[in-house]
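Peer 1: Spelled out, the chains give:
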Amino acid sequence: EPEVTQTPSHQVTQMGQEVILRCVPISNHLYFYWYRQILGQKVEFLVSFYNNEISEKSEIFDDQFSVERPDGSNFTLKIRSTKLEDSAMYFCASNQRGDQPQHFGDGTRLSIL
Amino acid sequence: QKEVEQNSGPLSVPEGAIASLNCTYSDRGSQSFFWYRQYSGKSPELIMSIYSNGDKEDGRFTAQLNKASQYVSLLIRDSQPSDSATYLCAVKRLTGGGNKLTFGTGTQLKVEL
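Chains C and X supply the protein sequences, listed in that same order. Taking this note's numbering, the leading residue of the first sequence gets 1, the next gets one more, and so forth. Taking this note's numbering, the leading residue of the second sequence gets 114, the next gets one more, and so forth.
In case anyone wonders, no lab produced these hints; they're calculated from the structure. Just so it is clear, the structure is predicted and the values come from calculations on it, not from any experiment. Treat the hints with care, since some could be wrong.
Some chain C residues judged to face chain X by a derived CB distance under 10 Å, without partners named [as the list claims (entries may be wrong)]: (1) 4; (2) 7; (3) 26; (4) 33; (5) 41; (6) 43; (7) 44; (8) 47; (9) 50; (10) 87; (11) 91; (12) 98; (13) 102; (14) 107; (15) 111.
Every residue gets a Cβ at the ideal spot worked out from N, C-alpha and C, and that includes glycine.
Isolated chain C, as found in the complex (with noise of 0.2 Å):
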C-alpha cells in the first residue's frame, strides 16, 4: 500500500538554526498537509498546500514557517531561526481530493537545544 514519508525520522538542532522537513507524498495526491505534536497534546494543524500554494494555514503558522513543493514528489517544511518551543513531532500527510481521508507519514521528531 502506498505511503507518506517523512525524512529524516528524527531531527536534534540548535536553538536558532534553520531546520528543513521532507515528506514525500503518495504519489497521486494532490493536497498535502502539515500537522505537529508537542509530547503529551493534541495534533495540531500547520498548513495545506494545493496546486503550489497555501490554502490555509493556522495561528501557529507564522513567519518563521515556510512550505514547497520543490519538486514533482517532494514537499517540505522549513523553520527558520528555531526555538525551544518548536520540539515536536511533525506530520505530514496527504489526501488525493480534500474531502477524503488524511494518509500520514511516520513524522519527524524534531528536538530543539
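Mind docking chain X on chain C? Use the hints.
Peer 2: The following block gives chain X in isolation, referenced to the frame of chain C:
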C-alpha cells in the same frame, strides 16, 4: 469550549468486550469525521471515516454519527490487546479551502487480558 472533545481515559476493557469511544464537536459546519488510532510515539493511522448520520461498519469497528447532537462515536467489538492505543477523533469543516483536520486530545484505550 473545546472544538473537539474526548474523554482522555484511560478506558479499560477486558479482552473480547466492546469498547465505546465518544467524541463531541462544537462546529455545526463540520462535514467529515474521522477516527485515527495512534500508538505511543507513532503517527495517526486512519481507522474509520463517516460523513452522514447513522452507523458505518468496517470489520470490528462501527462509527456512529449524530449531527443534530454533534456527537460521533467509535465502537470496537471483540477488543484485542493490540487495540490498546490512543484513539483520535478528527473533524473537518464543510467550508474553507484548506481541508484542515481539527483533532481531539484522544482517548487512551487499554484492553486487558
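Peer 1: Give a verdict on every hint.
Peer 2: Against the structure, the hints come out as follows:
With a least beta-carbon distance of about 9 Å to chain X, the hint placing residue 4 (chain C) at the interface is held under the 10 Å criterion. Interface hint at residue 7 (chain C): violated, since its Cβ lies 14 Å from the closest Cβ of chain X, which is beyond the 10 Å cut-off. Checking residue 26 (chain C) against chain X: minimum C-beta separation of about 13 Å lies over 10 Å; hint violated. A least Cβ separation of about 7 Å between residue 33 (chain C) and chain X falls short of the 10 Å threshold, and the interface hint therefore holds.
Satisfaction of the interface hint for residue 41 (chain C) is found here, the shortest Cβ-Cβ separation to chain X being roughly 7 Å, below the 10 Å cut-off. Against a cut-off of 10 Å between C-beta atoms, the interface hint on residue 43 (chain C) holds, since the closest Cβ of chain X lies about 4 Å away. Nearest Cβ of chain X to the Cβ of residue 44 (chain C): about 7 Å, under the 10 Å cut. The hint holds. With 10 Å as the threshold, the beta carbon of residue 47 (chain C) comes within range of chain X, its nearest partner Cβ sitting at about 8 Å, so the hint holds.
Taking 10 Å as the C-beta contact cut-off toward chain X, the hint placing residue 50 (chain C) at the interface holds, the least distance being around 8 Å. Checking residue 87 (chain C) against chain X: minimum C-beta separation of about 14 Å lies over 10 Å; hint violated. Among the interface hints, the one on residue 91 (chain C) holds; its C-beta lies about 6 Å from the nearest C-beta in chain X, closer than the 10 Å criterion. The beta carbon of residue 98 (chain C) is positioned within 10 Å of a beta carbon in chain X (closest approach about 4 Å), and the interface hint is therefore held.
At its closest, the beta carbon of residue 102 (chain C) sits 6 Å from a beta carbon of chain X; the interface hint therefore holds under the 10 Å criterion. Hint status for residue 107 (chain C) relative to chain X: holds, with the closest Cβ pair at about 5 Å, below 10 Å. Taking 10 Å as the C-beta contact cut-off toward chain X, the hint placing residue 111 (chain C) at the interface is violated, the least distance being around 13 Å.
Checked against the numbered hints above, the structure breaks hints 2, 3, 10 and 15 and satisfies the rest.
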